[in-house]
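In order, the protein sequence lines correspond to chains U and X.
Be aware that the first sequence starts at 1, since it is given in the numbering used here, and climbs by one per residue.
Be aware that the second sequence starts at 291, since it is given in the numbering used here, and climbs by one per residue.
Hints are computed from structural coordinates only; laboratory data are not their basis.
Any given hint might turn out to be false.
[Unchecked claim] Computed cross-link-like contacts, DSSO-like style, restricted to lysine-lysine with a CA-CA straight-line distance of at most 30 Å: (1) U:Lys3 - X:Lys298; (2) X:Lys371 - U:Lys3; (3) U:Lys228 - U:Lys89.
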Amino acid sequence: MIKDFEHFAPKTLKEALTLLDKYQDDCKVICGGQSLLILMRQGLVAPKYLVDIKGISELSYIKDDKDGLKIGALTTHRTIEKSPLIKKKYPVLAEMETRLASIQTRNWGSIGGNICHGDPAGDPAPVLIALDATLTVAGTKGERNMPAEDFTLDYFEVALEPGELLTEIQIPAPPPRTGTVYTKFNIIESDLATVGVAVSVTLGSGDGVCQDVRIALGAAAPMAMRAKKAEAVLKGKKITDALLAEAGEKASTEAEPISDIAASEEYRRELVKVLVKRMGNEALARAKRA
Amino acid sequence: MKKELKFKVNGQPYDIYVKPKTLLVEVLRDHLGLTGTKRGCNSSSCGACTVMLNGMAVKSCSMLALQANGADIMTVEGLAKGNKLHPLQEAFLDHGSYQCGFCTSGMLMALRALLEENPKPTKEQIKEGIDGNICRCTGYNSIIRAVTAVVKGEYKEAK
């Protein structure tokens, strides 16, 4: 049973921040509530005050300019999935959203809510890390920016201070010859990732050398994480199958997975190993076409 | 403290007061008596509680009723026009697209939303459309056959 709470439905960011500032740790933010309501029903979260930001329309948008893409935190998964702009310029985002939960959940849940929930098995975080996204967080005292990879801290814990709200996700325009891909392994299609892997590869002009690479893992540690040792294997080299296999091995070692109902720790490490290699290959192919 | 909820369900306006913790499925079933919408897993997994909100399929067990303030909701009770069943309902009957029937209203609403967005879905798109709906009698194929028949125009909507 959900415990009673007081409900506020601010219509502007300013109103929301005033409420968050007032109630601090006693309140919880709800947007689509696709994850939060499950926790509230289980009694794991029981806020006194619920600040319902679903109606703040100023935080729902997709904008693109020469610097890159800006997504308002309240944008629903389904809007991102169906955006012609995103499909064309940032296809990995649309591909990730298509595999996130079910249509019903994507219709109501928001990308910002998903990241702020801090579930290490969530799909958006690894993709945003691979895309080198920046997150904007607002409070009554002003805004601050942080890289997506610094946002996820631990199981269901993110770098938001009490009183702060995630407002925007910024994704830099991809450099030329960049390919980014994501996949997850799961048994039931609409489930969370047993392991998720996002890889972004940028090739040098003409020489085919891997100029930059970002590898991000989901459900392979207490938080979405960057596999920096695996990246180091590939960076500055001409990517071969042997190097990708080595990168997979490294990622599998630096991951910190747990055993749970979906898979054992050993199985997850094996998945990381295989999927990093496989996604590395796909990212490379996409970079060559870009 | 109860808060006001003004919305439309199957075209009928309602103005009621609910506790903030009330879920949309609870308002529909327990307050309005529209028990066609089913409470299944109560955790957003099974899809039996699927209704349409402003034309989109949503899981009514996983949203606060207050978030439907101002919205247009359609439940399975709103599908038929008078005595004439919706083409999807007719097709479900003809193709035996249910066994126990518990998933049926959620399936119908997910499919109604799918057809509104894409009137000519492929078999793969139909499967994707009911990806969030579980039939534990595993009657998926007969459901897909029924939708395919509707898509082919074998069932006409009542005027």
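Status of each hint after checking the structure:
At roughly 27 Å between alpha-carbon atoms, Lys3 of chain U and Lys298 of chain X fall within 30 Å of each other, so this suggested pair holds. The straight-line distance between the Cα atoms of Lys371 of chain X and Lys3 of chain U is roughly 39 Å, outside the 30 Å bound, and the hint therefore fails. At roughly 26 Å between alpha-carbon atoms, Lys228 of chain U and Lys89 of chain U fall within 30 Å of each other, so this suggested pair holds.
Against the hints set out earlier in the document, a violation occurs for number 2 only.
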